[in-house]
Amino acid sequence: MPVDFISRALALISPGHVELRKPSRLILSGDVRMPRIAGRVEPLGAVTRITLDVAPPSAHQISQESSRLILRFEADALDASLPSAAANDVLQGVHPGETPSTIALDLGPRFASFRATEEPGDRGATRLVIDLIAQPAQPPGATPPAPPAQPPPPEPPPLRACAARRARSRRT
Numbered sequence: 001m002p003v004d005f006i007s008r009a010l011a012l013i014s015p016g017h018v019e020l021r022k023p024s025r026l027i028l029s030g031d032v033r034m035p036r037i038a039g040r041v042e043p044l045g046a047v048t049r050i051t052l053d054v055a056p057p058s059a060h061q062i063s064q065e066s067s068r069l070i071l072r073f074e075a076d077a078l079d080a081s082l083p084s085a086a087a088n089d090v091l092q093g094v095h096p097g098e099t100p101s102t103i104a105l106d107l108g109p110r111f112a113s114f115r116a117t118e119e120p121g122d123r124g125a126t127r128l129v130i131d132l133i134a135q136p137a138q139p140p141g142a143t144p145p146a147p148p149a150q151p152p153p154p155e156p157p158p159l160r161a162c163a164a165r166r167a168r169s170r171r172t
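Sequence positions in the sequence shown follow this note's numbering and run 1 to 172.
Some hints could be false.
[What the hints assert, rightly or not] Pairwise CB distance ranges, derived in the manner of DEER restraints:
1) ASP106 to PRO153: 46 to 56 Å
2) THR117 to ASP76: 18 to 28 Å
3) LEU44 to PRO153: 18 to 28 Å
4) PRO153 to ILE70: 14 to 24 Å
5) ILE70 to PRO43: 45 to 55 Å
6) ASN88 to PRO57: 28 to 38 Å
What the hints contain is simulated information worked out from the structure, not anything from laboratory work.
Small disclaimer: the values here were computed from a predicted structure and weren't measured.
Using N, Cα and C, we set each Cβ at its ideal position, and we do this for glycine too.
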């Protein structure tokens with residue numbers, strides 16, 4: 001029996017829209033928002049670039065929570081094919097988040113900041129590009145700069161000579 005038969009047969013008995021996604025082995029029935037997300041990771045020197053193609057386009061937010069970036073999509077779930085990136089000092093990993101509509105990026109110890117841009121992708125998709133920027137590395141053997149020298153304390157005021165008269169006691 002051909003796989004396309006399933007979507008045609010379900011369309012006859014289902015009151016809503018039916019979509020068959022062969023690569024991910026999913027059948028969507030009804031009003032389900034589940035964008036397909038394909039990603040890749042590219043180390044580019046001091047920048048690690050994560051590129052996500054999202055189809056159909058879905059509104060999203062990116063937030064930093066301690067040592068992770070969380071991507072939240074306005075969707076019921078995600079049909080995601082996430083990259084398996086080799087861990088480096090900026091990006092430790094990419095994996096599904098704690099909810100069905102999130103993706104988590106685990107950040108490494110040299111992560112400094114990120115920059116995200118959105119551009120049109122192929123066939124009506126949206127391409128989300130996230131650049132993770134590393135902290136500048138210190139050359140081997142370099143010592144951190146010494147703190148500036150403290151100015152010497154001000155000189156104390158000169159001593160004043162004081163003479164005290166002592167009263168002589170009278171002997172009788």
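Holds or violated: 18 to 28 Å for the Cβ distance of THR117 and ASP76? holds, 26 Å
Per the hint of 14 to 24 Å, is the separation of the Cβ atoms of PRO153 and ILE70 within bounds? violated, 51 Å
Pairwise beta carbon distance, ASP106 to PRO153, judged against the given window 46 to 56 Å: Holds: the Cβ-Cβ distance is about 49 Å, inside 46 to 56 Å.
Could you check the hint for me, namely that ASN88 and PRO57 are 28 to 38 Å apart, CB to CB? Check passed, 29 Å falls within 28 to 38 Å.
Distance restraint hint 45 to 55 Å, applied to the beta-carbon atoms of ILE70 and PRO43: violated, 22 Å
Range first: 18 to 28 Å. Now tell me if the beta carbons of LEU44 and PRO153 are that far apart. violated, 51 Å
Figure legend: structure checked against the earlier numbered hints; hints not met, in rising order: 3, 4 and 5.
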